[in-house]
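Asks: The chain contents come next:
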Amino acid sequence: MKINAPFVEKILCAFIREELHKFGFSKGIVGLSGGLDSSVCAALAAKALGKKNVLGMILPYKDTFGKDVEDARALARKLGIRTRLLDISPMVDAYFSRYPTDDRVRIGNKMARERMSILYDHSVLEKALILGTSNKTELLIGYGTIHGDMACAINPLGDLYKSQVRALGAHLRLPARILKKTPTAGLWPGQTDEDEIGLDYSEIDAILYELVDERRPRKEVIASGFKKEAVEKIEARIVSSEFKRKMPPIAKISPRTVGHDFLYSYDRNR
Amino acid sequence: MKVALAQISPHLGDLRKNLDLHLETIEKVRRRKAHLVIFPELSLTGYTLMDLVPEAALDPARHPAFQKLVAASRTIDIVLGFVEERGKGLFYNSAAYLSGGRIIHVHRKAFLPTGGMFEEAKFFAAGKNFRTFATSFGKAGLMVCRDFLSYGAGYLLFAGGADLIIVISAAPGRGMTAGDAFATSRMWELMGEAVSFFSTAFVVYCNRVGFEDGKAFAGGSFIFDPSGRRLVKAPEAEEDLVLADLRIEDIRSARKRWTFMRDDRPEVILHSLQRIVGNHED
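Residue numbers (the working numbering), protein chains in the order written: chain A, 1 to 270; chain B, 1001 to 1282.
Heads up, a few of these hints could be off.
Unchecked claim - Listed below are the simulated DMTMM-like cross-link pairs for lysine to aspartate or glutamate, each with C-alpha atoms no more than 25 Å apart in a straight line:
#  : chain 1 : residue 1 : chain 2 : residue 2
1  : A       : Lys-10    : B       : Asp-1240
2  : B       : Lys-1215  : A       : Asp-68
3  : A       : Lys-10    : B       : Glu-1239
4  : A       : Lys-10    : B       : Asp-1051
5  : A       : Lys-27    : B       : Asp-1213
6  : A       : Lys-252   : B       : Asp-1240
7  : A       : Lys-27    : B       : Glu-1239
8  : A       : Lys-10    : B       : Asp-1282
9  : A       : Lys-51    : B       : Glu-1238
10 : A       : Lys-22    : B       : Glu-1024
11 : A       : Lys-246   : B       : Asp-1240
12 : A       : Lys-233   : B       : Glu-1189
13 : A       : Lys-244   : A       : Glu-70
14 : B       : Lys-1028  : B       : Asp-1240
15 : A       : Lys-22    : B       : Glu-1238
16 : A       : Lys-62    : B       : Glu-1238
17 : B       : Lys-1215  : A       : Asp-121
18 : B       : Lys-1215  : A       : Asp-213
19 : A       : Lys-246   : B       : Asp-1213
20 : A       : Lys-180   : A       : Glu-9
21 : A       : Lys-246   : B       : Asp-1051
22 : A       : Lys-51    : B       : Glu-1189
23 : A       : Lys-27    : B       : Glu-1238
24 : A       : Lys-244   : B       : Asp-1213
25 : A       : Lys-51    : A       : Asp-68
26 : A       : Lys-244   : B       : Glu-1119
27 : A       : Lys-2     : B       : Glu-1238
28 : A       : Lys-22    : B       : Glu-1189
29 : A       : Lys-246   : B       : Glu-1189
30 : A       : Lys-252   : B       : Glu-1119
Claimed, not checked - Chain B is nowhere near these chain A residues, computed Cβ spacing over 10 Å in every case:
#  : residue
31 : Ser-26
32 : Ser-117
33 : Leu-179
34 : Val-239
35 : Asp-267
Simulated from the structure, these hints should not be mistaken for laboratory data.
Even for Gly, the Cβ is constructed at its ideal location relative to N, Cα and C.
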C-alpha cells in the first residue's frame, strides 16, 4: 500500500507528457475543485508539461462552495498555472426549471456532466487534453458520475488509492488545507464521501487493497480482521459499478465487431 | 568487447520511425566503438500490436527496411526484435542476430505470456527452439522477455554452451517498492544474477521504456558477468544508451572456478524429461 512518492511522480509525469505528445498535444486541462485529487493532478501536470501548458478550470455552482473556489485559486497561484472560472448555475438551473427535482443525486450528476461538457469544449478551444482525476478507490467502488467527472482523455491517478494520492500530494508539497480536506464529491453542501459511503477512506482502501491487489477471497479478508459488513458492502459496490468502468456492450452481428474482436491499442500508430 | 544496450521507446505500429530510430542509434554507438548493439523486444514495431500483428509482420530475408539493418550489420553486430511472418500467415514474436551483413540467427519467442495484462498467444504463434549459435565473441543464445523467466529455457542455452545469453524484453513495470523501481524489476535481475552465475556466461538484458495504453515499460536493462556480478544497470523507466566493456576472458576464469558447464549432464536431464513427458497427464 505504501508508495515511493518520488518514483510515482516520475512515472506519472512521464505518462502525462508522453501520452499528450503522442497525440500531438502539449497542453492539459484539469477541472479544479479545490480538493485533493484535482490538486495533485494539476501539480503533476504542471511538472510534466510546464506551468504555462496547464489550464485549471474552476466550475462552481453559484457560490455554494466558496471556500473550495478560494483553495483552487490559491493552488493555481502556487503552481503558476492559468485558471478560468465559470459559474455553471445558469445551465444547470435552465434544465431543472424544465424538469424540477429535489433529488440531490440527479442534481449532482447533472452538475458533473455540465462540467464535463465545458471541459470538453475547452479541450477543442484550447487544443488541450483533459486530465482525469478519478482515483482507484473511486473507480473501484463506482463513486463518480459516468460521463461526468469520470470522463477524461487520460487518467494519471486511476491506479492510486485515495490514501496514496494523499501521500503523493504531501510529497508534492500541496497546501496543508488541501491535504487535510475531508473528501467530498461536491454534489451538495455538507456532503462527504465517507458519510455517504458509510466507511472511512483508510478502511475502504485497506479492504480494496486486500480484495483487488492481493486478490484475497472475501472470507479471508474478513478473517484477517476487517468488519464483515464493510467488506460485503465494498464488494457489492465493486460489482454494481462495473458498468462505469467499461465501454457499453455492443450487440455482435458481424464477424468483426468494435468492442469484441476489432482489437487495437489506444496508442496505435502514435 | 563493447556492448551497447539501447533502452529505447519504439513507436507503436510505425515501422518507418522505428527503422530511423534503429539506424540513428546504430550510428551513435558505432561512433563510440561498440561491437554489438542490442535493441528491446519488438523494437521495430512496438509491443501492444494486437490486430496490427499481420500488418507489422515481415519476412526478414526480403523486407527492404529489415535489409537496411542487415546491411548496417557489416560493421557492428545487431540484435533486434520484430514480427516475423513464416510460411503464409504464421506470425512470431522474433529476435534476430545480425552480423557481417547477414542474418546469423532468428529466435522465435516460445513462452508467450497470456493472462492478466498479457495476450500474446491470441496474436502470435509460439516458437519451439532454443539454440546457440557462433558469433565472433563466442557462442550466443537469444531469448525474448518471458522466455527468460523459464529456467528450463535458460538451461537449454547453458547446455548448448552459451557464452553470451542475450535477452530482449518489453516488460511493463508492476507493483510498488520502497526503492526507485517497480517490484517486478527485481524478478528480472534475480534471474539475471542466477543464470549468469550458474551458466558461467554473460547475461545481457535489454528492456524497453515508454508507455503504451498506460503500461509503463520498466527499462532497467542490465549486464551480469559470468561470475554473477552486475556490470551495468540502466535507469528505471527512462530512455538510455548504456555501453559496457565485456572481458571475454572472464568466461574462462569463471569456468575454472565453478565447473558447472563441465559437470553438466544433459543426457540425465533428457532421460528424466522423456520420462516426465511420457507419463504426463492432465
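Asks: Give a verdict on every hint.
Replies: Hints, verified against the model:
no., hint, in the structure
1, A:Lys-10 with B:Asp-1240, "holds, 15 Å"
2, B:Lys-1215 with A:Asp-68, "violated, 34 Å"
3, A:Lys-10 with B:Glu-1239, "holds, 13 Å"
4, A:Lys-10 with B:Asp-1051, "violated, 31 Å"
5, A:Lys-27 with B:Asp-1213, "holds, 19 Å"
6, A:Lys-252 with B:Asp-1240, "violated, 45 Å"
7, A:Lys-27 with B:Glu-1239, "holds, 23 Å"
8, A:Lys-10 with B:Asp-1282, "violated, 46 Å"
9, A:Lys-51 with B:Glu-1238, "holds, 22 Å"
10, A:Lys-22 with B:Glu-1024, "holds, 20 Å"
11, A:Lys-246 with B:Asp-1240, "violated, 36 Å"
12, A:Lys-233 with B:Glu-1189, "violated, 41 Å"
13, A:Lys-244 with A:Glu-70, "violated, 31 Å"
14, B:Lys-1028 with B:Asp-1240, "holds, 12 Å"
15, A:Lys-22 with B:Glu-1238, "holds, 16 Å"
16, A:Lys-62 with B:Glu-1238, "violated, 45 Å"
17, B:Lys-1215 with A:Asp-121, "violated, 28 Å"
18, B:Lys-1215 with A:Asp-213, "holds, 16 Å"
19, A:Lys-246 with B:Asp-1213, "holds, 15 Å"
20, A:Lys-180 with A:Glu-9, "holds, 20 Å"
21, A:Lys-246 with B:Asp-1051, "holds, 20 Å"
22, A:Lys-51 with B:Glu-1189, "violated, 38 Å"
23, A:Lys-27 with B:Glu-1238, "holds, 22 Å"
24, A:Lys-244 with B:Asp-1213, "holds, 19 Å"
25, A:Lys-51 with A:Asp-68, "holds, 21 Å"
26, A:Lys-244 with B:Glu-1119, "holds, 24 Å"
27, A:Lys-2 with B:Glu-1238, "holds, 23 Å"
28, A:Lys-22 with B:Glu-1189, "violated, 31 Å"
29, A:Lys-246 with B:Glu-1189, "violated, 36 Å"
30, A:Lys-252 with B:Glu-1119, "holds, 22 Å"
31, Ser-26, "holds, 17 Å"
32, Ser-117, "holds, 25 Å"
33, Leu-179, "holds, 20 Å"
34, Val-239, "holds, 20 Å"
35, Asp-267, "violated, 5 Å"
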